[in-house]
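Q: Below, each chain spelled out in residue letters.
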Amino acid sequence: MPPIIEMRGITKRFGALTANDGIDFSIEPGEIHALLGENGAGKSTLMKILYGLYQPDSGDVRINGQPVRLTSPAEAIANGIGFVSQHFALVPKFTVAENVVLGHEGSRTLHPTAMSTRVMETAASLRLLIDVNAVVGRLSVGEQQRVEILKALYRDCKVLIMDEPTAVLAPGDIAALFDILRVLQGRGMAVIIITHKLDEVFAISQRVTVLRLGKVVGEVRTQDSTPAALAQMMVGRQTVAVARNSDHRRQDAVKLDVRDLRLTDRRGGLRLRGLSLEVRGGEIVGVAGVAGNGQSELVSVLTGMAAPDSGSVTVGGAPLPFRDPKAVSRLKVARIPEDRLKGVIGDLSVQDNLMLESVEGFTRMGHLDRARIRANAEALIRAFQIKAAPTDLARTLSGGNIQKIILARSLGHAPEVVIAAQPTRGLDIGATEYVHQKLLEQKERGAAILLISEDLEEILLLSDRIVVIYEGRIAGTFAAQDARIDQIGALMTGAHPHA
Amino acid sequence: MLNLKIEREPAPLWLRLLIPVIAVVVTFALVSVLILWAGASPFDAVYQLLIHPLTRTSARADILMMATPILLTGVAVAVAFVCGYYNIGAEGQLYAGAIFAAWVGVNAEGLPPVVAIGLMLIAGFLAGMIWALLPALLKSWLSVDEVVTTLLLNSVMLFIVSALLNGPWRDPVSGWPQSPTIALNAQFPVLIARSRVHLGFIIAVVSALSVWWMLARTRFGLELRAIGKNREAAQFLGIPVRRRVLTAALISGGIAGLAGVGEVGGIHYYLIGSLSPGFGYTGIIVATLGALTMPGVMLSALFLALINRGAISANRELDVPVYLSDVIQAALLLVTLAVLLLNRYRIRWGR
Ligand SMILES: Nc1ncnc2c1ncn2[C@@H]1O[C@H](COP(=O)(O)OP(=O)(O)OP(=O)(O)O)[C@@H](O)[C@H]1O
Ligand SMILES: [Mg+2]
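One line per chain: the protein sequences are A and B, in this order. Number 365 in the working numbering belongs to position 365 of the first sequence; there are no gaps in the numbering. Number 350 in the working numbering belongs to position 350 of the second sequence; there are no gaps in the numbering.
Looking at chain A on its own, in the form it has when it is part of the complex:
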């Protein structure tokens, strides 16, 4: 079958950096094509070019054999290309139907019922389960993603690009997403999916293109390859052995003690209902749970961004002040927020982002010590292998490198307690590996680590103890040695364990 999309010799430079270097990429109708590569390899850039967000410096794009110039998303959409980015572009106050139709109304006047009927038809024909009259702001992340897909389909797209769609999804939602993608595939659509998870590549795709440093290093049929082969292709060397936590013996004093936290959100919903847990020095405690069971609220309280209605937190015996991020970091609590964009200021330089949290250490009588700021940045960039120069604007970095800024800043200064929320979300295999190593190093140092992750495997890999969070409280605790996935899974969904 001829390719529906053919990109030839695509090169894109940002200043001195070549993000895409003569890339050839093609996809056929009815194909699910995975795009794989380390953080900063140029995956998003290539897809943004296909969606008309960036213009290539050279190379051309053909659709059904015809050369096209895509200078804006509008043109890409007109050519049947849809893009679901990791950051959704939805209007929270509008309904699903309104969001879907927005920008593609078809006529000047809107007939609400006709509109929602049409959207409903589109959804039904694709077996997409969604209430078209629901207000988008109330939907879960997985449902919002479905709205984004619906939006693309409503515009009649033939090629759907999904940039790290699974990074934000809970395991159950991932399976549901894959079901949707298979339906689309059955109808002859082409799907490009970016992911860092090799098992997902094998679960869903027929072909894989692997990028490294802006170049294509391989294009294979998925079934002819193995996870190890792909991993090696991605990083260009034999992958290192998986770091795992196998030494569960050390037991120091309790360093993080969380007692009976209760928290009501702005809409009056009870998000934390008497949550208690403790973490000892040299211990990693993993918090397992389905998204939305109070993890975010717990992290907000522990990182100094929110105050609970009642309850207490102590760090090394000292009470942790609420809503005072500065005081929290002064107690040597390293904070890795779940949303990168809340932890990094995109319009400031990398070096400023690396020092702002402890700015008092870089000033002499209020005057910034630029030499020290730069030296700090250079040291951290080297230690954490961040692909950037100190003066680059943070927002020009790839997702993984932005995450490394946060890691470098928080782990670079010998913390007592580490609050790690989704620390490897969106990271490639190497970087994930690296983060795991860093967390284990901190454990060895004697830091108390609270790991909140939606990735159960990550929790099983790293934790000395696993606690399951359900509806705002801890529903069960397991020692790593005798943790059983089925029991954890049952607790996560609110079932009572039959021990």
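Certain hints may be false.
To be verified - Covered, in the sense of this in silico footprint (three residues per stretch, anywhere, with C-beta under 8 Å from a C-beta of chain A), are these stretches of chain B:
{"id": "1", "segment": "219–231"}
{"id": "2", "segment": "237–249"}
What the hints assert, rightly or not - Calculated Cβ distances over 10 Å to all of chain A for the following chain B residues:
{"id": "3", "residue": "V26"}
{"id": "4", "residue": "F43"}
{"id": "5", "residue": "I51"}
{"id": "6", "residue": "L142"}
{"id": "7", "residue": "L165"}
{"id": "8", "residue": "A234"}
{"id": "9", "residue": "P277"}
{"id": "10", "residue": "E317"}
{"id": "11", "residue": "V327"}
{"id": "12", "residue": "L341"}
Just so you know, these hints were derived from the structure itself, not from any lab. Even for Gly, the Cβ is constructed at its ideal location relative to N, Cα and C.
Got chain A sorted already, so can you dock chain B with the ligands onto it with the hints?
A: Same frame as chain A, but now just chain B with the ligands:
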């Protein structure tokens, strides 16, 4: 939500430098229609507006004089805007500074000039801060929108000024609604002989340079920029956002107050109700045109002063209304905003 920051391509440097030029060209193209309508040739008008004032010494001095108050209000507005505090109240803060300065000046009889002028500056700065305090507190305590409060306080200030001038301060000699004249030793020295360029110009430049240094080189300035770029992340990083914004709002008010001091001490020597033809609002244009950077603010203050001076020449030579300069300034602001927006979404001219 929609995250354009990451998607958008940073404009190359040459384009960013070109933006003001594009804005000016487009503005003049638009305004030529009005000039034609007023019965003059646009080319002559552009010459009178932009070139002629530069050819004569006295006009060049006038430009510096006219740039003085709008440079100060421009700096004031920029300080606040940088951290996302939209202070629209520079006009009121300017008058607050002018009132205090006039009061000190009138009572400065017998003091050495350095002391008299120093006191006026301090009093004016304080007055601007005081007038900026209420909206700033409302903002940091109750999140009351500062755009509304600062704007409303401008009108309140005009009432206070006119109450003062028609009541206790009515000039006892002439009976006009203007304050008594300030003492001779409180009057600002003139910098250029046979002109009205006064000490205030140096104060304005020093203010701009200090703010420049502050924003680029101090912890406080970096924190302000961080807040302006991403408030939530700034909070996460432990920056005391409310306190910093409050401080910036007060500094902004104080600098706007200095503009009032300059007009009283260097131009009029008394307080009148028409002391400022909207310098506070022009400051917003200056700050925006200057992209909230100090070199930009200095250039745009000079440029707007040039247009103001040029409008006088154009009026004299071509009989177009002096209001032309107001129209140009307003158009320039709109065009600049439009061009900035376009630039944010990356414009490409073919390949
Ligand atoms: N607008 C931009 N300006 C400057 N550099 C950029 C810009 N966008 C991307 N880059 C750089 O181009 C390179 C490729 O980035 P890209 O976002 O395509 O990586 P990626 O493969 O999607 O990585 P990740 O898996 O981390 O999302 C990175 O080094 C990044 O810093
Ligand atoms: Mg990416």
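Q: Does each hint hold? Answer for all of them.
A: Hint check results:
1. Coverage of the segment 219–231 of chain B by chain A holds in this model, with 8 residues showing a Cβ closer than 8 Å to a Cβ of that chain against a need of three.
2. With 4 residues having a Cβ less than 8 Å from any Cβ of chain A, the segment 237–249 of chain B passes the three-residue criterion, so the hint holds.
3. In this structure B:V26 is separated from chain A by more than 10 Å, as the shortest Cβ-Cβ distance comes to about 22 Å.
4. The claim that B:F43 is not at the interface with chain A holds, since no C-beta of that chain comes within 10 Å of its own (minimum 36 Å).
5. Interface exclusion of B:I51 from chain A stands, the closest Cβ pair being 38 Å apart, more than 10 Å.
6. At the 10 Å boundary, the C-beta of B:L142 stays outside the reach of chain A, the nearest C-beta of that chain being 17 Å off.
7. Consistency note on B:L165: stated as away from chain A, and its beta-carbon is indeed over 10 Å from all of that chain's, at 41 Å minimum.
8. B:A234, annotated as away from the interface, has a beta carbon of chain A within 10 Å; the closest lies near 7 Å.
9. Every C-beta of chain A lies more than 10 Å from that of B:P277, the closest at about 35 Å, which supports listing it as non-interface.
10. Distance to chain A confirms B:E317 as a non-interface residue, since its nearest Cβ pair spans about 46 Å, more than 10 Å.
11. Listed as a non-interface residue, B:V327 keeps its Cβ farther than 10 Å from every Cβ of chain A; the least gap is roughly 34 Å.
12. With a cut of 10 Å on Cβ distances, B:L341 stays outside the contact zone with chain A, its closest approach being about 15 Å.
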